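These are the residues of each chain, in order.
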Amino acid sequence: MVKRGVKGKELRLLSDEGVEAIHNAALDVLRETGIDCYSEKILEVFEEGGADVSDKRVRIPEYLIDEATKKAPSKILFCGRDPKNDILLEGSRIYYGFGGTPTPLILDHRTDEFRRPTKKDMIETTLVGDALPNMDFIMTNAGVFDVPYEVEYLHELDVLFNYTEKPILYSAPGSYLARKYLEMGIAVAGGLKELQRRPFITLYSEPASPLMLTESQENIIEFAKANIPIAIGPMPLSGGTAPGTLAGSSVIGNAETLAGIILAELVNPHAPVIYGGWGLTMDPRSGICAYGSPEFAIGANTITAQMARFYNLPSYGFGGCADGKLPGPQSGAEVMMNALVAGQSGVNLIHDCGYLAGGMVGSTEQAVIVDDVVGMAKRIVQGVRVDDDHLAVDVIKEVGPGGNFMTHKHTRDHVDEFLLPELFDRNSFGTWQSRGAKETRTIAKERVEEILKEHKPEPLGQEIREKLSKVIKEGKKELITKQKEAEG
Amino acid sequence: MTRKEEVFERVEKSILDFDGDKAVEVAKEAINSGVEPVEVIERGVRKALETVGKKYETGELFIIHLAAAGEAANRAINEVLKPEIEKKGEEIHFTGKVLIGTVAGDIHEIGKTIVSAMLLASGFEVTDLGKDVPIETFVREVKEQNPDILGMSALLSTTIPVQKDVIEALQKEGLRDKVKVMVGGAPVTQEWAEEIGADAYGVDAVDAMKKARKLVGA
Ligand code: B12
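Here the protein sequences come in this chain order: Y and D.
Quick note: the first sequence uses our numbering, first residue 1, plus one each step.
Quick note: the second sequence uses our numbering, first residue 1001, plus one each step.
Any given hint could be a false lead.
Some but not every residue of chain D turned toward chain Y, in silico, with C-beta under 7 Å [stated by the list, open to error]:
#1 I1092
#2 I1114
#3 P1161
Derived list of chain Y stretches under chain D, where covered just means 3 residues or more per stretch with a C-beta under 8 Å from a C-beta of chain D [what the hints assert, rightly or not]:
#4 13-22
#5 95-101
#6 285-296
Hints in this document: simulated from the structure, not taken from any laboratory.
Only a predicted model underlies this, so the values are computations on that prediction, with no experimental measurement involved.
From the three backbone atoms N, C-alpha and C, an ideal C-beta is built for every residue, glycine too.
If we strip away everything but chain Y, and leave its shape as in the complex, we get (with noise of 0.2 Å):
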């Protein structure tokens, strides 16, 4: 059965004129300016397909635009290995993603260590994951650096093949990587047609700002190609790699984002993609991208749900992240605040929960807090129901002036309807206090604990999981060796 997500707010903080104008500053700049292309398969593609190509520079026309942005599907099913963590991706439902792309430095749950990541660690990390109930795909919050690191991401798609069954969305930068993506996809679902039927993975594709595809992207060609989901998302920061607005900034993400699109349906016409044109921010100080502030909020979640629903195509935002080095005070508030705005604008993916330190970090620990979190912001989101069986005429004269709610039935019936955290600690103060009076960390560092203790993701077959060890091991062989060919 599909999960269908909650249905997002649609909050609008762009006027219609405000949609087009950020539309048309993007077409003019597509047409005028262009984008850069370091990558021959690229600028073939563009070439063939029509657009203004000279060099490297790709200029392209508005009816590119338009037919690429009609060609994709609105909407998109993105399956789990098991089908009851199927999503829909279609309006301005909200479904929340655990991590993002490879982070550096995990938080060790243990220790509290900040230290470089494990294969190990991945495992941990996806397991947790693939636990949390309002996770609904899955990235990391982990890298596997264990490993040389030509074969970094193999063993990363590896982890999360086998330990969730959630869907799963990530990077393989490069042609040759996303092959991989695909081989590992296809043995996993048992071909490429099942793979296409039921798409359990997502492709992510980076665009380099200021308007640069390169070699990484010709990952979209594969994934177009295989008529496989692609989630495109650029990071524009403003003030560095964008203009220092936030308006400008968007411009910059869309119009990266559009020539993404273009590519994937050129290559092959309704390729289904993800629109993530966000317009993100840098901090002016130190200059890192501030994954923590309120215009990063709107930036990638508001103004992109915006877009995309003017452009009819499911989108990809940011929830649950933060610059806060540690779980506490900033960090809970940051991630509050852009789990909350993403929900409110409807914007159909939204990535990085479990993020600190600006996506320098990943943490279980901060994941299962975020999780929660997640929880209340989907219950606010989900409003307040209004009808004769909610406003309780009946129940209200029954019981009187001076009675009381409790025993009664409609009391029982509705109790579901209220959101009770995981985690966060409601008892009394007294309760509290008698029970060791432990910190919201102490808490989370235990059902951490308890998740890896307990939860088992049902196993991939013998036969699969050999499949994908080879595709590791092969890719050990070929880029390994490739690179000290190109070094000799």
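Position chain D with the ligand relative to chain Y; hints supplied.
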């Protein structure tokens, strides 16, 4: 105030106003009025950059100001003052000469650009090689430009190893002893810097500036 001091002040102000055109214009005026170009740099350009650098450290100004002041200063130096100084057969005294770039395979360049601006503000001569810089380019430029410091930025697990490759390539070419190597980028650590035999690691732009000064004994 003497006429000369007035000239220095106008150069300083143009940079504090982040106005490159003006900086070029007043630098030209200074030369025309017979002021020594070396003095214009030391008492006008440098003074402005020092102010901006300090204000960045204290949080009054941001990196965008640092970068813009650096650009204005560079224009005055490169378009006007440096050619004059060379004509006279003299030399500009920099704190040191730095070559910097983001390593091959990596296009994250905001951090590297900020570090360049900071170094410039603290009196270094900086050549920015850009992003995705091939190993051979680093080696060739070190050979040709003979800098005091080579700075390398990397932000990806897949490109951090390239910092090591560059150091090895320098060794192979017999250049390693001729240049100090400084590394950085968000996931780079002091331990990694030591492991690959770099001379310094900078955690952020201010730290990079301090370490660079130390490397050249300033
Ligand atoms: C913006 C960004 C991008 C932009 C870069 C735009 C540009 N033109 O620069 C784009 C969209 C292109 C991009 C692409 C990718 N990115 Co990126 N990106 C980021 C992000 C969000 C911010 C980086 C940044 O600009 N920081 C701001 C500056 C100021 O910080 P900084 O670079 O660290 O620099 C400071 C210090 O480190 C130091 N320093 C820097 N350089 C030097 C040099 C010297 C000599 C010294 C002394 C000091 C020093 O001083 C600086 C100032 O204080 C980071 C997240 C993060 N938190 O870092 C991810 C991040 C670095 N990216 C990441 C990834 C995975 C990618 C991609 C591979 C995505 C993908 N899967 O397809 C591609 C790779 C492209 C490539 N081949 O390079 C990962 C890396 C993880 C890993 N495995 O190593 C990160 C950490 C995000 C994440 N958690 O997944 N990215």
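| Hints violated by the structure (listed by number, smallest first) | 1, 4, 5
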